[in-house]
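K.L.:
Here's the letter readout for the chains.
2 protein chains.
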Amino acid sequence: MLNEIVDINHKKVSDKIKDFIRKKVEEASANGVVIGLSGGLDSTVTCYLAKEAIGPEKVLALIMPNSNLKDSLEDAKDAEMIAKDLRISYKKIDIAPKLEEILKDLPKEKVAAGNLSARLRMSLLYYYANLSNRLVIGTGDKSEFLIGYFTKYGDGGADFLPIADLYKLQVRELAKYLSIPQKIIQKSSSPRLWDEHEAEGEIGLKYEEIDQILYCMIEKNMNTKEIKSKLNLDERRIDKVISMVEKSEHKRRIPEICIL
Amino acid sequence: MLNEIVDINHKKVSDKIKDFIRKKVEEASANGVVIGLSGGLDSTVTCYLAKEAIGPEKVLALIMPNSNLKDSLEDAKDAEMIAKDLRISYKKIDIAPKLEEILKDLPKEKVAAGNLSARLRMSLLYYYANLSNRLVIGTGDKSEFLIGYFTKYGDGGADFLPIADLYKLQVRELAKYLSIPQKIIQKSSSPRLWDEHEAEGEIGLKYEEIDQILYCMIEKNMNTKEIKSKLNLDERRIDKVISMVEKSEHKRRIPEICIL
Chain A
1 MLNEIVDINH
11 KKVSDKIKDF
21 IRKKVEEASA
31 NGVVIGLSGG
41 LDSTVTCYLA
51 KEAIGPEKVL
61 ALIMPNSNLK
71 DSLEDAKDAE
81 MIAKDLRISY
91 KKIDIAPKLE
101 EILKDLPKEK
111 VAAGNLSARL
121 RMSLLYYYAN
131 LSNRLVIGTG
141 DKSEFLIGYF
151 TKYGDGGADF
161 LPIADLYKLQ
171 VRELAKYLSI
181 PQKIIQKSSS
191 PRLWDEHEAE
201 GEIGLKYEEI
211 DQILYCMIEK
221 NMNTKEIKSK
231 LNLDERRIDK
241 VISMVEKSEH
251 KRRIPEICIL
Chain B
1 MLNEIVDINH
11 KKVSDKIKDF
21 IRKKVEEASA
31 NGVVIGLSGG
41 LDSTVTCYLA
51 KEAIGPEKVL
61 ALIMPNSNLK
71 DSLEDAKDAE
81 MIAKDLRISY
91 KKIDIAPKLE
101 EILKDLPKEK
111 VAAGNLSARL
121 RMSLLYYYAN
131 LSNRLVIGTG
141 DKSEFLIGYF
151 TKYGDGGADF
161 LPIADLYKLQ
171 VRELAKYLSI
181 PQKIIQKSSS
191 PRLWDEHEAE
201 GEIGLKYEEI
211 DQILYCMIEK
221 NMNTKEIKSK
231 LNLDERRIDK
241 VISMVEKSEH
251 KRRIPEICIL
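These protein sequences, in sequence, are chains A and B.
When we follow the working numbering, the leftmost residue of the first sequence carries the number 1, and every step to the right adds one.
When we follow the working numbering, the leftmost residue of the second sequence carries the number 1, and every step to the right adds one.
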């Protein structure tokens, strides 16, 4: 199953994504894109493709570490390296003092504050998009999208999603094809919303497991029973992923309207 | 045409909206809703309906004036009056110092900063929603929704939209039925994103005009030629509204994914 998932035609896939990026920017008569570059895998892959699609001068990266989190600054250095390698413009904005001011006099809570930082980053991306008539390019992958592992109107808030039909394992493969630095490819996935925040740890499953379950569910259209007999995985893990997909449906839709 | 638009069955419409609010809160097993109460018509009507639907103890209002805008503080006083009348909990949060900190060292631009304040308000609503397991109830009406007169992922960012199938003129009628204070009903519509910001002034059309054009376009399914012959309005105004609907389509959809 793993082999089947990662067996993608890299050239075909990256050409299609680049065409898509070009088309979206043209359709909107935009001057280019703004991207939130975190130093992680997804945003780096998206940035490489955007640069190849529309040229480095049309890609503006915002690097938005939270200086109160130690891993975040380390990531920001990687992001800066990527931006320099690609010769794109970038701005570094520490969100820590902004978050502190927003949270002043409010009750403190870790997860709520984490989601707030994702929404602040989205707001800054749109601020720069507004200033220069650019689109905000989203960087989420299909695995995160399906299990709802993103902040609604935070990192989920963008104008278009070029790599959201690629599972995390496929993004890793594409990254190798694009010659993205090994350090980025090997880094463990993290939204960095708080200290030592790590995706697989928080979810409680490896992406190898998540992607196999999702692949059976979505691409093979299997029901729970079929997935359980196909995959050699703890049944509770399979139930968990299926439940995450179902519970996060509202994040993949526009808000429901009361039709009169 | 105006008579036809405002001829709604108030009791039936409000009952249906209240059922919808109740259903959404129950489905999500949420403890209630958080609403951004501006002191304007739409959020007041939504707040009245929410209170009647789920009871005052399940409605939390955030009143979020920008103290740098003089009209905003006046509105906040009205919002406070509404919250007290309805006996719902509310918190007043001045967004001015938060906006200033976010904008520190960034290039200044009025419209971008206006959109930023809408996104900051959304972020604060979700912060409180996260803290207390509530849903964010959206307050946009159908006229704004169709012409795209809202900030993407700002006031447009909510979990469900109870009055988004009611045109502005219909919301005004419903407000009378709900015995909402005259002052709120008569107030000119405004997103209050900057000083002296006024909806009809910014759009360049009265809601009486906008709603008639939209009603012909959406409810009567008329084409541009038919609308022009039906309505006794300047053709350029009709073209403008139609163009606003078309150009804002991306705001009413989830971001497009590159399908591979």
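None of these hints come from the bench; they were simulated from the model.
Do not take every clue at face value.
Chain copies aren't distinguished; within one or between two, either way the pair holds.
30 Å max Cα-Cα, derived DSS-like pairs, lysine-lysine [stated by the list, open to error]:
1. K108 x K92
2. K104 x K91
3. K84 x K58
4. K240 x K23
5. K58 x K225
K.L.:
For which of the previously enumerated hints does the structure constitute a violation, in increasing order of number?
P.N.:
Number 5 - this is the single hint that the structure violates.
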